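As a plain string of letters, each chain reads:
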Amino acid sequence: MDILSLFVVVPVLIVLALSFFAKDLKQARLISVVGMGIQFAMSINLIFAYLKERAVNTGIMVFTKDVVWYETFNIHYSIGVDAISVVMIALTAVVLLAGIFISWKIDDLPKEFFISLIALSSGVFGFFISTDLFTMFVFYEIAVIPMYLLIGIWGSGPKEHSAMKLTLMLMGASAVLSVGILGIYFNSNADGGALTFNIFEIAQVNIPEAAQNIFFPLTFIGFAVIGALFPFHTWSPSGHASAPTAVSMLHAGVLMKLGGYGVFRIAMYLLPVGALNWADFFLVLSAFGVIYGAFGAIMQKDLKYVNAYASVSHLSLVLFALLMYNKTAWTGAIIQSLSHGLLTAMFFALIGMVYGRTHTREIAKLGGIMKVLPFIGAIYVITGLAYLGLPGFSGFVAEMTIFVGAFQHPDMFRRILTIVVVSSIVVTSVYILRMVGKIMMGPLSNEEYKDLPKATWFEKTGLILLLIPVVMIGVLPLGLSEMLKESIQPFLERLL
Amino acid sequence: MNLESFLLMRSEIGLLAILILLIIFEIFSDKKQKAAVIPFALILLAINTALGFLPLASGELFGGMFKTNALLYFFKTTLSLGVLILLLQSADWLKEKVVDENKAPEFFILIISSLLGTYFMISAGDFLMFFLGLELATLPVAALVAYDTYKRVSAEAAVKYILSSALASGAALFGISLLYATTGTIYFDSMAEILTSSNLSILAFVFFFSGLAFKISLAPFHFWTADVYEGAPINVASYLSVISKGAAVLILMILLFTVFKPLIETWHKIIYIVIIATMFIGNLFAIRQQNLKRFLAYSSIAQAGFILLGLMSVDNLGTATIVYFVAVYIFSNLGAFGVVQAISSFSDKENIDDYEGLYRTNPKLSLLMMLALFSLAGIPPLAGFFGKFFLYTAAASQGYYILVFIAVVNATISLYYYLLVVRAMFLRQSDTAIPYFRSPFYMRLGLILAAIGILVAGVYSPIYDYIFSISNTFLN
Numbered sequence: 001m002d003i004l005s006l007f008v009v010v011p012v013l014i015v016l017a018l019s020f021f022a023k024d025l026k027q028a029r030l031i032s033v034v035g036m037g038i039q040f041a042m043s044i045n046l047i048f049a050y051l052k053e054r055a056v057n058t059g060i061m062v063f064t065k066d067v068v069w070y071e072t073f074n075i076h077y078s079i080g081v082d083a084i085s086v087v088m089i090a091l092t093a094v095v096l097l098a099g100i101f102i103s104w105k106i107d108d109l110p111k112e113f114f115i116s117l118i119a120l121s122s123g124v125f126g127f128f129i130s131t132d133l134f135t136m137f138v139f140y141e142i143a144v145i146p147m148y149l150l151i152g153i154w155g156s157g158p159k160e161h162s163a164m165k166l167t168l169m170l171m172g173a174s175a176v177l178s179v180g181i182l183g184i185y186f187n188s189n190a191d192g193g194a195l196t197f198n199i200f201e202i203a204q205v206n207i208p209e210a211a212q213n214i215f216f217p218l219t220f221i222g223f224a225v226i227g228a229l230f231p232f233h234t235w236s237p238s239g240h241a242s243a244p245t246a247v248s249m250l251h252a253g254v255l256m257k258l259g260g261y262g263v264f265r266i267a268m269y270l271l272p273v274g275a276l277n278w279a280d281f282f283l284v285l286s287a288f289g290v291i292y293g294a295f296g297a298i299m300q301k302d303l304k305y306v307n308a309y310a311s312v313s314h315l316s317l318v319l320f321a322l323l324m325y326n327k328t329a330w331t332g333a334i335i336q337s338l339s340h341g342l343l344t345a346m347f348f349a350l351i352g353m354v355y356g357r358t359h360t361r362e363i364a365k366l367g368g369i370m371k372v373l374p375f376i377g378a379i380y381v382i383t384g385l386a387y388l389g390l391p392g393f394s395g396f397v398a399e400m401t402i403f404v405g406a407f408q409h410p411d412m413f414r415r416i417l418t419i420v421v422v423s424s425i426v427v428t429s430v431y432i433l434r435m436v437g438k439i440m441m442g443p444l445s446n447e448e449y450k451d452l453p454k455a456t457w458f459e460k461t462g463l464i465l466l467l468i469p470v471v472m473i474g475v476l477p478l479g480l481s482e483m484l485k486e487s488i489q490p491f492l493e494r495l496l
Numbered sequence: 497m498n499l500e501s502f503l504l505m506r507s508e509i510g511l512l513a514i515l516i517l518l519i520i521f522e523i524f525s526d527k528k529q530k531a532a533v534i535p536f537a538l539i540l541l542a543i544n545t546a547l548g549f550l551p552l553a554s555g556e557l558f559g560g561m562f563k564t565n566a567l568l569y570f571f572k573t574t575l576s577l578g579v580l581i582l583l584l585q586s587a588d589w590l591k592e593k594v595v596d597e598n599k600a601p602e603f604f605i606l607i608i609s610s611l612l613g614t615y616f617m618i619s620a621g622d623f624l625m626f627f628l629g630l631e632l633a634t635l636p637v638a639a640l641v642a643y644d645t646y647k648r649v650s651a652e653a654a655v656k657y658i659l660s661s662a663l664a665s666g667a668a669l670f671g672i673s674l675l676y677a678t679t680g681t682i683y684f685d686s687m688a689e690i691l692t693s694s695n696l697s698i699l700a701f702v703f704f705f706s707g708l709a710f711k712i713s714l715a716p717f718h719f720w721t722a723d724v725y726e727g728a729p730i731n732v733a734s735y736l737s738v739i740s741k742g743a744a745v746l747i748l749m750i751l752l753f754t755v756f757k758p759l760i761e762t763w764h765k766i767i768y769i770v771i772i773a774t775m776f777i778g779n780l781f782a783i784r785q786q787n788l789k790r791f792l793a794y795s796s797i798a799q800a801g802f803i804l805l806g807l808m809s810v811d812n813l814g815t816a817t818i819v820y821f822v823a824v825y826i827f828s829n830l831g832a833f834g835v836v837q838a839i840s841s842f843s844d845k846e847n848i849d850d851y852e853g854l855y856r857t858n859p860k861l862s863l864l865m866m867l868a869l870f871s872l873a874g875i876p877p878l879a880g881f882f883g884k885f886f887l888y889t890a891a892a893s894q895g896y897y898i899l900v901f902i903a904v905v906n907a908t909i910s911l912y913y914y915l916l917v918v919r920a921m922f923l924r925q926s927d928t929a930i931p932y933f934r935s936p937f938y939m940r941l942g943l944i945l946a947a948i949g950i951l952v953a954g955v956y957s958p959i960y961d962y963i964f965s966i967s968n969t970f971l972n
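For the record, the sequence lines run as chains A and B.
Residue 397 in the working numbering sits at position 397 of the first sequence, and the numbers go up by one each step.
To convert, take the position in the second sequence, counting from 1, and add 496; that gives the working numbering.
Here chain B stands alone, though its shape is the one from the complex (with noise of 0.2 Å):
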């Protein structure tokens, strides 16, 4: 292996870089330099974001254990955008709430330590190479979700989430091992050629996916999502629901198009029930919720299920579409838990009825919020009209008209929901409104990217033109 191969894991490495810079700073410095590392790492991730915008050959490497090719490069980079822009978020909160205890460091390198799971798991060539990624991926996030060690809740939430992703682990594994039994190699190429339909790959593909639903949490796989998203701190639920999940949804559509294609009859009845379930069981929960942690839960729950109707079209259109939603829905769910975390931070505040007002008091928050929720909802000119529409676009191109209609019902009953912030936002007033602040330069310049995201992602079409024009890399 020469260099050049070894550079294909350019963003891995860099990240690796980055966790071993953060471990040796938190050996060597004393107590008073420990805020330090807030900028420290900030830089060092923002410079590995911005090295990501160039170009990388595709290529594989360790015999085909691990692949990179110009579409996961592009989503790679996108992640550690997102992770940056949430970083920048939870700036604040480190400095006030954990500097102190002395966990600022730490909470870092296990963000980013799950970052670089999530960017092995995507890579991954073989089942071995995804799993270790998985696990990766899964684990630091339980250690953040109870980083709030003085809030019971948390503790419990993580509690939650590290039994139930175990049991997700195990039944993927289980999974994994029905399709090695099946077919005798781990490789996701060898497998894709000698996988048939057979009752027994049928049940490891059932057990497989339900191990990746519960990352995504679809439905019925989705129990643990609005309790853990409570619990944890909000930067934390906010990674959940925006770099786990879209990471998640990003394996499972190379899975399904490549190695589970010889299944695809039955997978996508599958899939087609599991869209109209999680879709419904979102929206339809989210309508009744006041904390906004499980609102933004429910709410995340039921865009996976759009996600999925993308998986419909198995071709160039529907991968693409599914990336760019992806990195549509991580902006604007980075601008909406951007500004709960701002208010919370500085109120503590988390319900809806908190919010009552907020427009009179703190109207660029609000307005933010607002973009983040229209998008969420599919508002044209914001970014999440188009990734919406596109979707729809992708599973009509298939005939699954039917579909695309509980679809468009599903839009317009979580635009209810939606507009109930707004409503409480812009057309309640109230005289316990919580009053105006200014938030800290971190939080601002996070939110304004955000924002940046939600604006121009959708008017600006030559970004999805080039998802497209990327996205047959892996299919052939």
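Chain A on its own, in the form it takes in the complex (with noise of 0.2 Å):
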């Protein structure tokens, strides 16, 4: 078995284990949590393997391999990583593990959370590893659909609601996704070649423009629904609110980074032309985003909605950085998408332990949590001030290499759009400071939170697992550029 398949086959693995051996919640969060405790070891592995082999190989990918799989098709099932989907692989084996340690204590059905969650993990690391259209878009709806049952069984509130509009809306987006990846298929022997999925096959193509103005679209709202495209939003919001806190975790961490690698490497690099097209519309959609999440986070009254609008302008932020075509905004996008998985995971695991405690999740009943919950409340500073983007944290290296990135750019539509979505850092500021100065500073708002619980060595270990790499990222963010540096290239050269 090759290094990567096994990111494959061991949530399998898991899943058969967790169905056909345990018992009660004990044993299900022995297993997964070994399980995913190999997975993330294999992640690091993965890492430090690929940078050993980058060294002699200079291929786009490493690590390929190829089989048939539907000869008549000519769908093949090949892996292969390059620096990108490594750092995306490693990210999800990191939130995938913490999220597992902060749903320690899930009471319902715990066997099947678990086999759900770890089910959808094998369908993004599937992604992630995949070169061929049909077996990556295969592994994506394998990622989305057992959201609806985490949500819809676990979650609070409308959740009923939630769940079915998030799996309607992000089905929907992949079924117009389908369209325009047949649309790719279809068009791969413009030159005289065989049809293919091979995603590096297709990249030799000359797509014909008028076909590439068609599908382009189609491909990037696809892809984009699930990384929180304005006006496709709407599932987001409502569907983080709802569900419990691991999935939050793993839908904002990983899940929605699905849509911005997914329109990097097959919308933008499959059809290069149809996205120069449209990049300004994008572009505009985007940046809208940006500005709408922001304010949309400072009018909540509900933490995790906050956290929801935060991740929209965060992710749009992805996108626009993608479509600004310069080397240094990608770069940017990518440690942008690594950053804010991290730190998003960390709210929403923050927001899961001060809500399990205290039972509200509204801004305006919290207050003075630091005093009670120490712990807790330092890591909730740390991430808040991290997310805003203060030196020595990821968030201010993945923001800042995107807005000198796009400002580079020497259209003056793009610089203006620059300067609109800069803005937002502001905006950002002022919806974190108030929600963290307010719920975890001043006095202590209600007599019964004194006696809180401490933080558990569960939680501690969830949420220091997921700080560790945002202070690596802030502090040594070249190591970081230096190897995603190559694997940027074959996008510049096919793209600009």
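I should point out that these hints are in silico values taken from the structure, not numbers from a laboratory.
Since this is a predicted model, take the numbers as computed values, not measurements.
Some hints here could point you the wrong way.
[Claimed, not checked] With a cut-off of at most 30 Å between alpha-carbon atoms, the simulated DSBU-like pairs for lysine-lysine come out as follows:
#1 A:Lys-23 / B:Lys-860
#2 B:Lys-860 / A:Lys-165
#3 B:Lys-845 / A:Lys-105
#4 A:Lys-454 / A:Lys-105
#5 A:Lys-165 / B:Lys-845
Got two chains here, each in a separate frame; can you build the complex from them with the hints?
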């Protein structure tokens, strides 16, 4: 078994082990934590293996493998990774492991919870390693559908409604995406070769511009809906608010990144001319999304909604940076994906911890939590500061890189858009500082909160797991951008 | 005619032998032994199905009236497997409700005659054989629909079914006679050479197509479907929705791709509109259903719309994809109907609301139901996803992207109502949930077979590649 396929196989094995052997919560979480611990170790190993392999291998993808799946359609199970996929896989593994620690005490149907969560993760891992459009699409849908059960069964509030809305919007988007993929497939013989789903073979083909203009928006929207593109972001606030903690973490932290990744690797990379023609239109939408999400977050009363809208804002920024056609901005987009993934997962985890103790997420009802929960409070403040871009944390590196890159663009229209988008930083500071100040500082809002139980070991483990990479990216950004540089090169060659 | 060429009809002869054995059993068994007919018939059919996996040569018999080739043979085996699963699922219903009334052998005789009819229908080489097969496939089902004699709706459904299918057969027959009038032949091969696009031939096609559209329950000929499914015993509804429909789709495809190929301009337009209408009507009506039989009826109407997408691609791709999708659809629908049957025979409950909280009491059944519904909705890695995606591919290969777009919109709508059932089973909790029960052996076997089909037929790609490799056998 090769190093990459294991990322799909291990979760499947864990799911099987859970279904057949887990009897209760204790066994279920033990199996899950061991399995995902292995997965996490594998992802760390993958980073080093990748760096070692990269030194000797100059291909776009390394650890490639190709097995014919459907001969008739020339569908292959073909896999491979570059630096972008490697960091995304590492992000997924760490968020997932943290999510399992955070769900340590899930009481209702624990076995099924972990099965759904890990089944979902196998889709995510598969998505990031695929280099075949069809296989990638299969994994993408596998990653989306368990969300319905995860939100619907273990969620809170109007969970049935939110789950249905989220599932239908995302599956609707993936349905649109399937038309885009078919369009790409049937144009992949434009230069006379055979029809193919292989991304890198299609990248050699000059698809006619007329076809690119039709299929780029389909593909782009298909992916960007899960990346919270305005006006298709409406599933996100309600979905995240209703989801249980670990699911919000995984969804905002990892699943929404599938959107940006797909947009970059499929929509833009395979349809470069269509992308250029449509770039302005989608730039405006994503820029609007950044501002809209930020102002949306200010208005919210519920902590989870604040974070959900903040995610819309920060992920629109990823799309914005991708459409800026600039090496620096692209690096920034990837770092922003990572940084947002970690930070938003931390936020959702913290909100879950606060909510689990106080049974409210309303900002107005909370206050002075830091006094009774010092560990959670401190991490909350750190996360907030990192989120609004304090130097030394990942958020700063990401946003700085994006804005520097975006402003480099000679086009006046893009510079103006950049300036508009930069102003969202201020708005972000407003809602983050207000929220953190209100719920953490000041006098204790409710006497009953005096005896809230302290953070447990598993909660601390989960948070620290997430915090370490945040600080690492913040302190050592050069290592990461150096690693990404080589993988962005093929995009530069094809798109610029 | 020598024995070797006679054996080209091996599948049909096998079914005929089963019929005769069943009749002999019926005559010579006394009342106490009647229950033994169930394992007896099941074993016979299982043997016949297993024989279907042995290879068979292509060829024709009776001067071209009867044709067989690898694709038809594969399809017959699939249908036989479908009927086997269906009979396994209905064995316990028969044991409880039918054996006492001394009607169990007839049930098998009727259903196997109908299967024999579908075999002759799809193997037909001329319109006479086709029509005989069609009638043989239809008439026994009318009796089966009325099998719940103690229920008034069952009789009502039977009357509806027999009247509408008589009308449909009449329309088809009228179309055939007009075709004969234009070409002077009833053989498919010679007709395909002579037929040209004229007003009369188009009229003939329209009548003929309406007749078959009744069987496949395409809009606007779908009105009988929901009522009949609701009134009929569940396994008969299941038979109607998978076996009858699948065979009718196959013969429609064969005729469109061969006999009616000269009219391709016309029928492409007709099919285009019918696809859109069928998908929308099936899907939008399914949303409102409470009774699961009606629900599955509308869902099967919508699925028929999807199947026709394959007709837009008149080549190997379209053929292989339709056959593959029908096979996948048989497994998925049998999974869903099987669960409905299991629950109905335990508790007499058939409404979606009754399924609330089912996962907490009957996790395995709920899981299978979810798999079946997700397969129908087209969620990977289940077989239905691959079937649907390849249908889209077939339509897109001819440039029908708008049609594919409408289809994917419909797939999303269908996901909504399939999720309604999943919601009832998994998300809701109920104090009046159907309590835990253990299904009898035959039912479990039937459900497991369906589940294996749903899980394996998609991911295991050689199945599709095999169908593709044999799908050119009738086109040339």
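- [ ] Please name the hints from earlier in the document that this structure breaks, with their numbers sorted from lowest to highest.
- [x] 3
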